[in-house]
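Whole structure, please, built from the sequences with the hints as guidance.
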Amino acid sequence: MARVVVDVMLKPEILDPQGQAVQRALPRLGFDGIADVRQGKRFELEVEGPVDEDALARIHKMAETFLANTVIEDFVVRVES
Amino acid sequence: MARVVVDVMLKPEILDPQGQAVQRALPRLGFDGIADVRQGKRFELEVEGPVDEDALARIHKMAETFLANTVIEDFVVRVES
Amino acid sequence: MSLDTVKHATDTPDADQPWAELGLKEDEYARIREILGRRPTGAELAMYSVMWSEHCSYKSSKVHLKQFGDKAPENDAMLVGIGENAGVVDVGQGYAVTFKVESHNHPSYIEPYQGAATGVGGIVRDILAMGARPVAVVDPLRFGAADHPDTKRVLPGVVAGIGGYGNCLGLPNIGGEVVFDPCYQGNPLVNAGCIGVMKHEDIHLAQASGPGNKVILYGARTGGDGIGGVSVLASETFDATGPAKRPAVQVGDPFQEKLLIECTLEIFGEKLVAGIQDLGGAGLSCATSELASAGSGGMRVDLDTVPLRDATLSPEEILMSESQERMCAIVEPAKVARFLEICEKWDVIATVIGEVTEGERLEIFWHGEQIVDVPPRTVAHEGPVYHRPYARPEWQDALQADDAGKLPRPAGSAELREQVLKLVASPNQASKAWITDQYDRFVQGNTVLAQPEDAGMVRIDEKTNLGVAMATDGNGRYTKLDPYTGAQLALAESYRNVAASGARPLAVSDCLNFGSPEDPGVMWQFAEATRGLADACLKLGTPVTGGNVSLYNQTGDTAIHPTPVVAVLGVIDDVNRRTPIAFAEEGQLIYLLGDTKEEFGGSAWSQVIHDHLGGLPPAVDLDREKLLGEILISASRDGMIDAAHDLSDGGLVQAVVESCLRGGKGARLVVPDGLSAFTFLFSESAGRAIVSVPRSEELRFTDMCGARGLPVTRIGVVDGEEVEVQGEFTLPLAELKRAHEETIPALLV
Amino acid sequence: MTTRVGVVTFPGTLDDRDSLRAVRLAGAEPVSLWHRDKDLKQVDAVVLAGGFSYGDYLRAGAISRFSPVMETVIEQARAGMPVLGICNGFQILTESHLLPGAMLRNNHLHFICRDQKLRVENAETAWTADYEAGQEISVPLKNIDGRYVADERVLDELEAEGRVAFRYLDGNPNGSLRDIAGITNAEGNVVGLMPHPEHAVEPLIGTGRTDGLAFFTSVIKKLVTA
Ligand SMILES: Nc1ncnc2c1ncn2[C@@H]1O[C@H](COP(=O)(O)OP(=O)(O)O)[C@@H](O)[C@H]1O
Ligand SMILES: [Mg+2]
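Chains as they are written, first to last, in numbering that gives the first Met the number 0: chain A, 0 to 80; chain B, 0 to 80; chain C, 0 to 748; chain D, 0 to 225.
Because the hints were derived from the structure by calculation, they are not lab data. From a predicted model like this one, the values you see are computed outputs, not experimental measurements. Every residue gets a Cβ at the ideal spot worked out from N, C-alpha and C, and that includes glycine.
If we take Cβ atoms under 7 Å as the criterion, some of the chain A residues that face chain B in the derived model are:
1) Gly32
2) Phe42
3) Glu43
4) Leu44
5) Glu45
6) Gly48
Restricting the straight-line Cα-Cα distance to at most 16 Å, the calculated cross-link-like pairs of lysine to aspartate or glutamate (EDC-like) are:
7) B:Lys10 x C:Asp309
8) B:Lys40 x A:Glu72
9) B:Lys40 x A:Asp73
10) A:Lys10 x A:Asp35
11) A:Lys60 x B:Asp31
If you want the footprint, here are the derived chain D segments under chain C, 3+ residues with CB under 8 Å:
12) 8-15
13) 54-64
14) 110-117
15) 191-198
16) 203-215
Below you can see the structure in the form of C-alpha cells.
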C-alpha cells in the first residue's frame with residue numbers, strides 16, 4: 000500500500016493565530032531565531048492499488064473539494080517514498 | 000531565511016478520531032480505495048540564520064518538548080528545499 | 000508466544016508469572032491460585048490484577064466507605080444506592096435523577112487535554128448506563144500554585160479538554176471549582192461530575208440475567224489505549240511504564256460519545272436492554288465480570304468478535320484495553336436485530352460478543368480456545384480488602400496550635416481596604432470567568448443558573464418547571480487542619496450553596512482525593528474525613544449515593560491536602576422561584592443570616608495576606624445549616640428574597656463583592672454592633688448567607704427568621720456604584736471588577 | 000395552516016432540540032429532519048442548528064455539507080426557501096457555498112461562551128423582518144471556530160449590497176473581519192450567523208432574555224404573507 004500525503008496550509012494572507020501563538024511562546028521557552036511559524040494540517044492517506052496519474056488526479060480532486068477549503072487554504076499532494 | 004518543517008502525527012497506536020471521520024466520509028463523496036487516513040499537524044518554521052546541525056538540534060528539542068506531546072505524538076523535522 | 004489457555008495453565012502449574020509487575024501482592028496472587036485451583040492464565044491474571052487494583056477494587060478505602068451505607072439517613076428519595084454505576088434519587092413527578100463525581104487526576108497531569116476530556120467522557124457514560132439522559136456536567140478542579148510554570152501547562156490543557164469534550168457532547172457545564180495551592184503541584188485534581196434525568200421506569204442496572212441473552216459490545220473499536228493504565232497508573236508508582244509498551248493515555252472521541260448517547264437513549268426508549276454497563280477503567284475485564292457477577296448466571300464471550308482498531312492486540316490486551324466510548328449491553332435474542340438497527344442508524348458499531356449462560360462462570364475464548372474460566376464475583380466484587388494502619392500524624396497538634404487568630408490584623412481602614420482588594424484579586428477568590436467562558440452553559444436550553452451562581456440549576460420538565468440544582472465544594476486547607484471537620488464543612492458548604500439557589504438538598508456524591516494509603520497519616524485523614532462526611536450526611540438527611548476515591552495523589556513523601564469534594568444535588572419544584580446571587584435592585588436591604596465568630600483558621604485571608612495555614616477550621620453546626628437551608632428555601636418559595644449568596648472562603652466581603660459585581664450595583668454596609676470590621680469582613684464562620692430583601696418583604700422575612708430562631712442582622716442596603724463599609728472605606732465597583740477579573744487571564748497568557 | 004419549520008439533525012448536532020423549541024414557542028410547527036433523508040417532509044423553512052456535526056472534524060461543517068439532506072436543502076435554498084444556519088449551521092452554509100466566506104478558529108484560540116450584543120444591520124431578510132434595522136439585541140455566543148473571513152472583494156460586496164445581517168457590538172469576540180456576526184445571501188432567504196438566537200427565547204433560561212425569538216416569528220410572518 001502506498002502513502003500519499005496532503006499538506007493543507009492557510010493561505011498566506013489569512014491570519015494564523017495558532018502559528019502565532021506557537022511563535023510567541025518560543026522565546027519564553029528559550030528558543031530564539033524563529034521568525035515565523037505557520038500551523039497547518041497533514042493528512043496521510045493509505046492508498047489501495049497503484050498510485051498512478053489517475054489515482055493522483057482523484058486525490059487532487061478530493062483535496063480540492065474536501066480536505067481543503069480553497070477559500071482559505073492551499074494544499075499540496077505528495078507521494079511519500 | 001530557511002524553512003524547516005515539523006510534522007507531528009499521533010502515534011500509530013493512538014486513536015485518531017479526525018482521521019477516522021475523514022476516512023468514513025470519503026466513500027460517500029465518491030472517493031474509494033483509501034484504506035486509512037491519519038490527520039496530523041504541520042508546522043512551517045522560518046528560521047533566521049543558517050540551518051546547521053546545531054540549529055536542527057535545537058528545533059528537534061523544541062519539537063520534542065513543545066510542538067509535540069511525545070506521550071501521544073511522533074514528530075519528524077525536515078529542512079524544506 | 001503460544002496461547003496461555005486454561006488447559007495450558009493446568010498443565011504448567013509452575014510457570015513463572017509477572018504478578019508483581021502487574022501490581023499484585025504475593026498473597027493476592029496466592030489467593031487467585033486458590034480460587035481457581037490452579038495458576039491463572041495470562042488473561043485471567045490480567046483481569047484479576049486490574050480488577051483488584053486500588054482504583055477498581057477500593058481495597059484500601061472499602062472498610063471506611065461502608066459507613067456511608069451503615070449511617071445512611073432514612074430517605075425515601077433513594078431509588079438506587081451505592082454500588083451501581085451511580086446512585087439514583089426520586090425528584091418527584093415520576094422523574095429520577097442520577098449523578099456522580101469522579102476523578103481523572105493522574106492522566107490529566109500527564110496529558111492535560113486528553114486526561115481531562117476522557118474524565119468527562121467516563122462520568123457521562125456512567126450516568127448514561129443508569130438509563131438516564133445526561134443533562135449537565137460540573138468540574139471541580141485543583142492546580143498547583145497559580146504562578147507556577149507547570150500550572151500554565153496543565154490548567155489550559157485541562158480546561159480545553161473539559162470544554163472540548165463536554166461542549167461537543169452538548170452538555171451544559173453548570174458548576175465546579177478552581178482552587179490553586181502549591182500542594183497540588185504535580186498532582187492536580189481533575190474531578191468531573193454529571194447529572195442525568197430519566198423516568199422511574201427507565202432505570203437500568205449493570206447485570207447480566209437470563210441465560211441465552213446476548214452480550215453486545217457497541218461504540219468505538221478497541222485499541223491499545225491505556226492498557227495497564229488502571230492497574231499501574233492508579234497503583235503504587237506513577238512512573239512505572241506498565242506491563243506493555245502500549246500508551247497509558249487514552250484519547251477521547253467526543254463525537255463518537257455523542258452518537259453513543261443518542262443511540263443508547265433510543266435503545267432505552269424501545270426497552271431493548273436487560274442490563275447495561277459502560278466500559279471505563281479495566282475495559283472489558285470490568286464490564287464482563289461486573290455484569291456477570293451482578294447477574295444470575297454465567298457468561299461466555301468470544302474475544303475474536305471484538306472489533307479492533309489494532310489487529311496486533313493480544314487477548315490480554317483486548318481485555319484490559321481502556322479504549323473510550325464503548326458500552327456493553329445484555330439483550331434478549333428477539334431484540335438483537337432492532338438493537339443493531341438503531342446502532343446502524345447512529346453509525347455506531349455493534350457486535351454480539353457472547354451470551355449469558357446457565358452456569359456460574361465467566362468463560363472467555365480466543366481462537367476457539369478457552370483462556371478465562373473464573374467465578375465472576377471473585378473478580379468483580381470479592382477483591383481484597385485492606386485494613387490499612389492509620390495514625391494521627393505527629394505534626395497535627397502543632398499545626399492546630401498555630402492559631403490563625405494570632406496573625407497580625409490590618410492596622411487601620413486603609414490597610415483593611417487594601418486587604419479586601421488583595422483578597423478579591425487573589426487567584427482562589429478571583430473570577431473564574433476566563434475558565435468557565437470556555438464551557439457551553441446554554442446548550443439544551445434548560446439552564447436556569449450556571450457559573451458564577453452558588454449552584455448550577457437546570458429545568459427538567461418544561462411544562463411543570465421542575466428543576467434540579469447541584470453544587471460541588473471542598474476545602475483542602477480546612478481538611479488538612481482537621482479532616483473530620485473539613486469533610487463536614489465541604490458538605491455543609493455544598494448544601495448551603497444548593498439551598499441558597501432555592502433548591503432543597505436531597506442527596507450527595509463525593510470524590511475523595513487523598514495521598515498514599517500506605518502512609519498511616521494519610522490513612523488517618525481518610526478515615527477521619529469519611530467518618531465526618533458520613534456523620535454529617537446522617538445529620539443533614541442527605542445520603543451518599545455514590546462517589547469515587549482517588550488515592551496516591553502525592554509526590555515522594557508529600558501528599559496533597561486531603562481533599563474530599565462533595566456534590567450536593569437539590570430539587571426545586573418550580574425553577575421560576577430560583578434565587579440568583581446578584582444584587583440587582585437598588586434600595587433592597589441586605590441581611591446577614593447566621594453567627595459570625597472569630598474564625599480564621601484555614602481562611603482565605605490567612606492564606607492571601609500571611610501565607611499561613613494553621614489553627615482550627617471554622618466550627619460546624621449542622622442543625623444550624625439545616626435551619627439556614629430551610630429559611631433560604633422558604634424565602635425563595637414565598638418570594639421574600641431576590642438574591643442570596645452563601646458565605647464561605649473569603650468570608651462576607653467576598654460574597655458581597657460577588658453579588659454586587661453580578662448585579663452591577665453597589666452596597667452600603669454597616670458593621671454590626673459587637674463585631675470588629677475585620678472580623679465582620681473576613682471571618683469564615685460556617686452556616687451563614689447574605690440575602691437581599693425587597694422593603695415590602697422585610698417584616699415578613701425577619702419575622703420568619705425570628706420565629707424559627709435564625710440570627711438575622713441587617714447589614715446594609717443595595718445602593719450606588721461602590722461597596723462602602725461605613726466608617727472604614729469605599730471601593731468603586733469598577734476597581735473591584737478589575738481586581739476580581741484580571742487575575743486569572745493575566746496568569747495564564 | 001400552520002407554518003412548518005424543519006430542524007436538521009446531523010450526527011453531532013446539539014442545538015436541534017433547542018431550535019425545535021424555539022420554533023414551537025414562536026408559533027410554528029417544528030419538524031425534525033434527519034441528515035440521511037433527502038426528504039424535507041414538506042417544510043416551509045429549514046434551520047440548520049448548532050453543535051459539532053461530525054465532531055467538527057476536518058473543518059466545522061465540512062463533512063455535513065455532503066449529507067443527503069443537504070442536497071435538497073441546497074436545491075430548495077436556491078429556489079427561495081428560507082434557510083437559517085446557526086453556528087455550526089452557518090459553517091455548513093459557507094462550506095456549501097450558499098453563503099460566501101469561511102469560518103476559522105477564534106483569534107484567541109479558545110472556545111468562548113458569553114452573552115453577546117449584536118446590531119441587526121439588515122431587517123429585511125426572511126429571518127430578520129421582525130427586527131428594526133439598527134436594533135441592538137443580546138443573544139448567547141458559543142463557539143471555537145467563529146472567526147468569519149472572506150477576501151476583501153467579497154467583504155466589500157457584502158457591505159455594498161447590505162448583506163451583512165449582524166455585527167458584533169461591544170468588542171469583537173473572535174476576530175471576525177469587519178465585526179461580521181452573520182450574513183445573508185442576495186435574495187435574503189438564506190441567513191447564517193454565529194450567535195444563538197434559539198437560546199434566547201424564554202425569560203428564565205440562559206441569559207434570561209428573549210431577543211432571539213423574532214428570528215422565528217419573522218420567518219412565520221414571511222411565509223404566511225408570501
Ligand atoms: N471549573 C469550573 N467549572 C465550572 N464552574 C466553575 C468552575 N470553577 C468555578 N465555577 C463556578 O464559579 C462560581 C464560583 O465558584 P466558587 O467560588 O468555588 O463558589 P462557592 O464558593 O460558592 O462554592 C460557582 O458558580 C462555580 O460553580
Ligand atoms: Mg457559593
